[in-house]
Every structure is written in C-alpha cells, then in structure tokens.
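Colleague: Sequence:
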Amino acid sequence: MINFNYETDFLLQNEDDISSWISEAINAEGFKEDEINYVFCDDKYLHKLNVEFLKHDTLTDIISFDYSVGKIIQGDIFISIERVEDNAKDFQTSFIEELHRVIIHGILHYCGYKDKIDEDAKVMRNKENYYLEQLG
Numbered sequence: 001m002i003n004f005n006y007e008t009d010f011l012l013q014n015e016d017d018i019s020s021w022i023s024e025a026i027n028a029e030g031f032k033e034d035e036i037n038y039v040f041c042d043d044k045y046l047h048k049l050n051v052e053f054l055k056h057d058t059l060t061d062i063i064s065f066d067y068s069v070g071k072i073i074q075g076d077i078f079i080s081i082e083r084v085e086d087n088a089k090d091f092q093t094s095f096i097e098e099l100h101r102v103i104i105h106g107i108l109h110y111c112g113y114k115d116k117i118d119e120d121a122k123v124m125r126n127k128e129n130y131y132l133e134q135l136g
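Taking the working numbering, I'd label the letters of the sequence shown as residues 1 to 136.
None of these hints come from the bench; they were simulated from the model.
Every residue, glycine too, gets a C-beta built ideally from N, C-alpha and C.
There's no promise every hint is true.
[Said to hold, decoys possible] Taking lysine-lysine and the BS3-like style, the derived pairs with C-alpha atoms no more than 25 Å apart in a straight line are:
id, residue 1, residue 2
1, 44, 127
2, 89, 116
3, 114, 55
4, 48, 114
5, 32, 71
6, 116, 55
7, 44, 55
[Claimed, not checked] Derived Cβ-Cβ restraints for the label pairs, each shown as a range:
id, residue 1, residue 2, range
8, 90, 126, 15 to 23 Å
9, 13, 57, 27 to 35 Å
10, 35, 14, 17 to 25 Å
11, 133, 13, 13 to 21 Å
12, 4, 28, 33 to 41 Å
13, 58, 93, 35 to 43 Å
14, 53, 17, 28 to 36 Å
15, 94, 4, 15 to 23 Å
16, 72, 126, 20 to 28 Å
17, 4, 97, 17 to 25 Å
Build out the structure end to end from the sequences listed, making use of the hints.
Modeller: Okay, structure coming up:
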C-alpha cells in the first residue's frame with residue numbers, strides 16, 4: 001500500500017495514477033509492495049531529519065528509510081518540495097518531472113540500486129528515465 005502524507009501546503013495531483021505507476025515499477029523490478037509512506041515536506045522539516053538521523057547538516061531533496069525485508073518493499077520516503085523546485089530550475093526541467101524522478105528514485109534505492117559512484121549513478125539515472133517514460 002502506498003500512502004501520501006503532507007507536512008507542507010503541497011498536494012500531489014492524481015495520487016491514484018502515481019500510486020499505480022510506483023506499484024508497477026516495484027513489480028517490474030521483481031519485488032513485492034508492502035507499506036510505503038511518502039511524506040512531502042519543506043527544507044526545514046527534511047533538514048531536521050537529515051541532522052537527527054543521518055548526522056548530515058545539509059539540505060537534500062529526499063531521505064528514505066528502508067524497512068524492506070528480502071523482496072518485500074516497505075519504508076518511509078521524505079521529499080522536500082522546496083529542493084525539488086530548486087533542482088528543477090537547476091536541471092532546467094519541469095517541477096512535475098523532477099518530482100516524479102525523485103519519487104521513483106526512492107523506490108529504486110529500495111530495489112537495490114545505488115548512486116554513490118558514477119557508474120552506479122548512471123544505471124540509476126537510466127532506470128529513472130525508463131520509469132518516467134512509462135508514466136508518460
């Protein structure tokens with residue numbers, strides 16, 4: 001089950017379509033979906049989590065807490081809407097495309113994809129692009 005929660009004024013449009021898209025990606029990667037909670041928030045909220053839980057005193061667009069067991073995907077994904085907006089401008093893309101990229105990015109981490117080294121980041125980006133195309 002995919003849940004969308006809001007700690008900011010932002011509201012995700014077409015939650016059902018996005019939820020189905022995420023579920024299809026999980027299935028395509030050979031995993032099963034359990035409870036996944038997305039929390040849309042602002043920089044201040046996410047920064048606090050970053051400092052408290054990860055000991056990183058920086059802004060970020062996404063933090064995910066992975067509670068998956070084997071092939072059963074579950075976790076909490078926090079997304080800063082402010083960071084997504086800024087990143088969309090920096091990457092010269094639309095807010096919606098960048099938001100969708102970040103949404104699927106968290107799921108791909110749960111499916112075992114990494115992005116700390118260039119080679120892994122390239123694989124991750126290709127997967128993101130593939131699933132963005134599936135969303136249309």
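Colleague: For every hint, state whether the structure bears it out.
Modeller: Comparing the hints with the structure gives:
The straight-line distance between the Cα atoms of residue 44 and residue 127 is roughly 30 Å, outside the 25 Å bound, and the hint therefore fails. Distance check on the hinted pair: residue 89 and residue 116 sit about 23 Å apart at the alpha-carbon level, within 25 Å; holds. With a C-alpha separation of about 20 Å, the suggested pair residue 114 and residue 55 falls inside the 25 Å cut-off, and the hint holds. Annotation: proposed proximity of residue 48 to residue 114 holds, straight-line Cα distance about 24 Å (limit 25 Å).
At roughly 6 Å between alpha-carbon atoms, residue 32 and residue 71 fall within 25 Å of each other, so this suggested pair holds. Between residue 116 and residue 55 the CA atoms are separated by roughly 17 Å; this keeps the pair inside 25 Å, and the hint holds. With a CA separation close to 15 Å, the supplied pair residue 44 and residue 55 stays within the 25 Å bound. Look at residue 90 against residue 126: about 20 Å separates their beta carbons, and that is inside 15 to 23 Å.
Between residue 13 and residue 57 the beta carbons are some 33 Å apart, a value that agrees with the proposed interval 27 to 35 Å. At about 21 Å, the CB distance of residue 35 to residue 14 agrees with the hint of 17 to 25 Å. As the Cβ distance of residue 133 to residue 13 is approximately 19 Å, the hint placing it in 13 to 21 Å holds. Between residue 4 and residue 28 the Cβ separation comes to about 21 Å, which falls outside the hinted range of 33 to 41 Å.
Our hint of 35 to 43 Å for residue 58 and residue 93 is violated, since their Cβ atoms are close to 22 Å apart. Range check, residue 53 to residue 17: Cβ separation about 31 Å, and the 28 to 36 Å hint holds. At roughly 20 Å, the beta carbons of residue 94 and residue 4 sit within the given window of 15 to 23 Å. Under the hint 20 to 28 Å, the C-beta atoms of residue 72 and residue 126, about 25 Å apart, fit the expected range.
In this structure the hint that residue 4 and residue 97 lie 17 to 25 Å apart at CB holds, the actual value being about 18 Å.
The structure fails to meet hints 1, 12 and 13 from the earlier list, while all remaining hints are met.
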